[in-house]
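From first to last, the protein sequence lines stand for chains E and H. First residue of the first sequence? That's -6 in my numbering, and the numbers climb one at a time after it. First residue of the second sequence? That's 1062 in my numbering, and the numbers climb one at a time after it.
No wet-lab data here; the hints were simulated from the structure. Fair warning: this is a prediction, and the values are worked out from it, not measured in the lab. There's no promise every hint is true.
Which residues of chain H face chain E? A partial, calculated answer using Cβ under 10 Å [said to hold, decoys possible]:
1) Gln1092
2) Lys1093
3) Met1103
Where chain E lies over chain H, by a calculated footprint (3+ residues, C-beta under 8 Å) [as the list claims (entries may be wrong)]:
4) 1065 to 1074
5) 1094 to 1101
Even glycine gets a Cβ: it sits at the ideal position worked out from N, Cα and C.
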Amino acid sequence: MNQQEGYADDIVKGFVIWSMVWGLVAVLVGVFISFQIAFPQLNFPPYLTYGRLRPIHTNAGIFGWGIGSFMAFFIYITQRLTRTSLWSPGLAKVQLWLFNVVIALAAVTLAMGMNRSKEYAELEWPVASLVVVLWVIFAVNIVMTIVKRREEQMYISLWYILATLVGVAVLYLVNNAAIPVSLTKSYSAYAGANDANVQWWYGHNAVAMVLTTPPLAIFYYFLPKATGVPIYSHRMGVVAFWSLIFMYLWTGAHHLLWTPVPDWVQTLAMGFSVMLIAPSWAAVFNGYFSMNGQWHQMRENYLVKFLIFGITFYGMQTLQGPSQAVRTFSAFIHYTDWVPGHVHMGTLGWVSLVLFAAIYYTVPRLYHTEVYSVPLANVHFWLVLTGQLIFSITMWIAGVQQAAMLNATNPDGSLHYSFIETMVELYPYWHMRALGGVIYLAGLLVFLYNIYQTIAGGKAQAAAQRA
Amino acid sequence: MDSASIYYLGVTLLLFLVFAAIVARTYSRKQKAKGEQPKYRMMDDDYPSDEKKGGRDVRRK
Ligand code: HEM
C-alpha cells in the first residue's frame, strides 16, 4: 500500500503492468493471424492454426488487456472517488495472481483445442469456474470500498463500475451454465435457438458490460482530470447511464437477425439497438461539451487527444452498430468482413485509446515522476490511429465488396459467385489489414517503451531520494 | 391477451415508470445543485480528505 497517500496503489501498478503484457500478446497474435489469413501457408497445425489462435487473440485482448486494465482503474478510481482506501488490499493481491493464472490457463487450454465454441465464452468449465471466483473477489472488494465511502454522492464513474460488476456476473453465470462430461469438455445447458439466443444476449452484453461501461467509467474520470475542467453535466451522465442500462440488455438478438429466433425477439432487439443511440451519444456530447473553451488542449495536451478521439470512435461505433442492427442492413453486411471493421474501431479506437490515456495519466503519479517522453506519446498516438483506421476502413470496403458478391444473382435467380470466389477477391484487403496491424503494433511498442522508461525513471528517482 | 402477455406488459410499464421517475428526479429543480455536485468534488480527490483511513466521513448523513 502507498502509505503516503493512504491508497492501495501497488496493486494498481501490478494490474497496469500485467494488462500491458497481455495487451502485447493480444496484438502480436492478432498481427500473426492477420498474416495467416493473407498467407494461409503460415498455418502450422495443430497449435498454430487460425482456428486455435483466434480465440487466444480475443481472450488476451478483451480479458487480458481489457479486464486487466479495468481492474487496475476500478481500484484506482474507486478509492479516489470514495476517498477511502481499498477494503482489502490482500484480497486484491490474490485477485492479481488469479487473474494472471486464469489468462495463462485460457491461452494454454485454447491452444490445446479445448473450446466451448461459444464466442467470448470459450473457456471450459474448470477455467470458467476460476473466472467466477476471480470476479467475486474483485466485486466484493470494490463494492465494500464503495459501501464504506466517505463521499455522500457517487460520481457517475462509480455507477458504471457497479453496473459492470453486476452485469458481468449475471451474464457470465447464465451463459456458462453447462453440463460437464469430463474435465475438459462440457455441453451448454441450453439447446438450439435458445442456446443461440442466450449466447448473443451474453455476447452483445459483453460489448455492453466489458467494452462500454468500464471505458465510460474511465473516460468520465480521466477526461476532467486531464483537462482540469469538470464534466459538462453530471445529471446528463446519470440519465444516460440509466437509459443505457435499461436498453442494452434487450439488444442481443440483433446478432441473430434472419435466424430461427422468433421474429418478435429480433424486432425488439432492432428497436432497442436504434434507441441506444440516445444514451450513447449523451456520453459523447458530455465529452464534447466538457471541451467548451478547452479545444486548444487537443493541440497542447496529448492525454486529451487520446480521450477525445476515443469518445469520437465510441460515437461512430454507436451509430454504425445500430445501423447494423437493422434487418435490411444486417442482411447485407452480416457474415462479411465489415464486422471486424466495426469491432476494431471499438476495441482499438474507443477502448484502447481511453486506456492508453488512463495509463499515461496514472503511471507517472503512481511512480511519483513525469512521463518519459511526450513526443513519443504523440508518435504512439499517430501510429495506433493510422493502424486502426487502415484496419477498419479496408475491412468496411472488403465487407461491402463481399456482400455485393454474395448477393449477386443470375437472371434465373441462382447465385452468381461461389463463396470461395468472394474469398479470393478479398486478398488485397487482407494484405492491407495486416499492414495496418503492423503499424498498430509499432505504435504499441512505442507506448510500452515510453511507459517502461517512465517507470524506470520513477524507480531511479525514488532510489536516489532514499540514498 | 393471455396472462403471460399481461404480465410482460405490466413489467414493461413498471420499468418505464421507474425510468421516468429517475429522469424526473434527476432533472427536478430541487436536485439541480446536488446532482451536479459530484463533478466538482471529484476534481480534488487525489488525496484522502483526512488522515483516518476508511470509515464514513462526518459529511455523510
Ligand atoms: C449502440 C451501440 C452498438 C450497437 C447497437 C452495436 C451493434 C452491433 C451489431 C448489430 C453487431 C453484429 C454485426 C453482424 O455480425 O452482423 C455488432 C458486432 C460487434 N460489435 Fe457492436 N454495436 C454497438 C457498439 C459497439 C461498441 C461500443 C463496441 C466496442 C468495442 C462494439 C463491439 C462489437 C463487437 C466486438 C462485435 C462482434 C461480435 C461478433 O463477434 O460477432 N459494438 N455490433
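Verify this for me: three or more residues of the region 1094 to 1101 of chain H with a beta carbon less than 8 Å from a beta carbon of chain E.
Holds, because 7 residues of the region 1094 to 1101 of chain H bring their Cβ atoms closer than 8 Å to Cβ atoms of chain E.
Within the region 1065 to 1074 of chain H, is the number of residues with a Cβ closer than 8 Å to a Cβ of chain E three or more?
Answer violated; 0 residues pass the 8 Å Cβ test.
Holds or violated: is there a CB of chain E closer than 10 Å to the CB of Met1103(H)?
This interface hint holds because 5 Å falls under the 10 Å limit.
With a cut-off of 10 Å on the beta carbons, see whether Lys1093(H) makes it to chain E.
Holds - the Cβ of Lys1093(H) comes within 10 Å of chain E, reaching about 8 Å at its closest.
Hint status (Cβ of Gln1092(H) to nearest Cβ of chain E, threshold 10 Å)
The hint holds - Gln1092(H) has a Cβ within 10 Å of chain E, the shortest such distance being about 7 Å.
Violation of the numbered hints given earlier is confined to hint 4; every other hint is satisfied by the structure.
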